[in-house]
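Chain by chain, the residues:
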Amino acid sequence: MLTVENLRKSFGGVSAMNGISLDFAEGSLTAVIGPNGAGKTTLFNLVTGAFRPDSGRVVLAGRDIAGLSAPQIVRKGIGRAFQIASIFPSLTVRDSILGAVNAHRGWHARLARRFPLKEAQAHADEVMDLVGLGSQAHVLSGNLPHGDQKLLDIALALALEPRVLLLDEPTAGMGSEERWQMIETVHKLWQRKQLTLIFIEHDMDIVFKYAQTIRVLSYGTVLAEGSPDEVRRHPKVIEAYLGTRFEADQK
Amino acid sequence: MKQSSIARDALLAGVALLVLVLLPTLFPAKSLSDFVIRLSAFAIFATSLNLLIGYGGMVSFGHGLFYGLGAYSFALLMQKMGTSVPVAFALTILINGAVAVVIGAICIRLKEIYFSFLTLAFQMLLHSCIIAWTSVTGGDQGLTGGIPRPAFLGIRLDDPHHLYIFCCVVLVGSLLVMRHLMQSSFGYTLRMTRDNPRRAGFLGIQVWRIRLLAFVVAGIFGGVGGMLMSLFVSSAYPDFAYWTVSGEAVFMILLGGMNVFLGPLAGAGILLLLNDMVTRFTEHYSLVLGVVILFFALGLRKGLLGFVVDVWARRAARKQPAAVAAQPVQRA
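Note that the protein sequences, when read in sequence, are chains X and F. Using our numbering, the first residue of the first sequence is number -18, and each one after it goes up by one. Using our numbering, the first residue of the second sequence is number 6, and each one after it goes up by one.
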């Protein structure tokens, strides 16, 4: 579904991505892990068009999309949610999602008819229920608690009916119980919508429980990839990333 | 917030128009109808600027360009070309729209303060052109000789009462159209680009297109304000394109409130009233205005109408169950 080939990017001489090649199968649920600065978010930024790669290809369903602008890539079917919830604080939950539906259907610059368009409402309500924000429909997004803002961020991406959904740390900044709820919701979405879902995550318990496959990044390269079991046993991963943790656990 | 229907807005506009039209019959003072005419010009102008500031988050310091351009285009078309009023009106809208496309395309991609100052620079450019191009614009004297106002469709704009009704209709009509645009899908997309342009981009929205469209709409209505003023004074002056005009519109928006659609209208009323009252007693108008603005900036941040709407909403919330009461007022 989504393939990156030999992707490179440097910022002012600092190399953030050293020729990464990855493949994400259609309908897969993949976790991207790695220490801070490994290039996880940079990978997302390159795939979604926030940055233009210095070289390499980003191939979505057989088409090279590297170099397209962010809005163009969104229209090709890649949705994204952010580490820090990126929402529209002064709009209500429902209006935000309706706005996203409008954007998806190409109705967002229509002048003649009033917002919200009738034909957008069913889809928006469905998305809202899917992430469980139905009861908060008329709350201003900026007044939502942190966890709900993260859900709204995901809902905005879902409103675009993406083929590939990239979630940057969906559980960031949450308490442990809230984390499990969030990942359950994400998992449910993935099952129901048959998305190709890629998420960045730091909580290893979550990663090993939910991910089908894992990609480990380090210093802008792929350190390891494979099933959770393969990654868990990978010597380089244990050394570079899990080692200290496992040692700590054994004490 | 409830989305208001077209029918409801049209009804409100109809009632407002009726009241305005009947006003001179009840209070025949000429000063009142003159006030309403000036108000209509400034209210349209300030509201059009608020489409950029309040709805789009684009603080233009040079919106007076369109006010001046509208006034001069209309006045010159009437005076030198001898066109009829509706044709001059339509052509002026076209000219303003075209100029807004060009200037908008240059300014719109700039961020915040750079956008503000580049718009200001374009306004000063127009002002300099008006001053320098004496043969056409009359230079710093303004257009002399008055604007001919031939009758059309039975409307005689040289008759004060006809002019008054005409200005009321244009005021209510312009506000109605701008209100509708802000309640349309486009209006909500504009709010999204104001709140979080980056996120809007990642939803597939070409932010610059939305902003450019808003800039053009604002430019057109800014010009309509200028046209009314040139009709009223039967001339056009370089002051119409001076930067202080933009500043006044910003003050009006601050006074009335940028988060309420009719805020700039209220602000225009306050500023004109202040102007008329204070200049009667003292020539230190700016001093008084400064104090008033300071009061609003420190105490009534959301402007007068924004304050009223807040109080209203809090009252309504008190009558409602607690869950709703927790909701503060939404931005326009």
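Hints were generated in silico from the structure; no laboratory data involved. Cβ atoms here follow ideal geometry from the backbone N, Cα and C, with glycine treated the same way. Please note: incorrect hints may appear among the correct ones.
Quick list of the computed label-pair ranges, beta carbon to beta carbon [to be verified]: (1) X/Gly48 x F/Ala110: 17 to 25 angstroms; (2) F/Leu299 x X/Val(-5): 22 to 30 angstroms; (3) F/Ser133 x X/Ala42: 49 to 57 angstroms.
Comparing the hints with the structure gives:
| no. | hint | in the structure |
| --- | --- | --- |
| 1 | X/Gly48 x F/Ala110: 17 to 25 angstroms | holds (23 angstroms) |
| 2 | F/Leu299 x X/Val(-5): 22 to 30 angstroms | violated (48 angstroms) |
| 3 | F/Ser133 x X/Ala42: 49 to 57 angstroms | holds (55 angstroms) |
Of the numbered hints listed earlier, the single one contradicted by the structure is hint 2.
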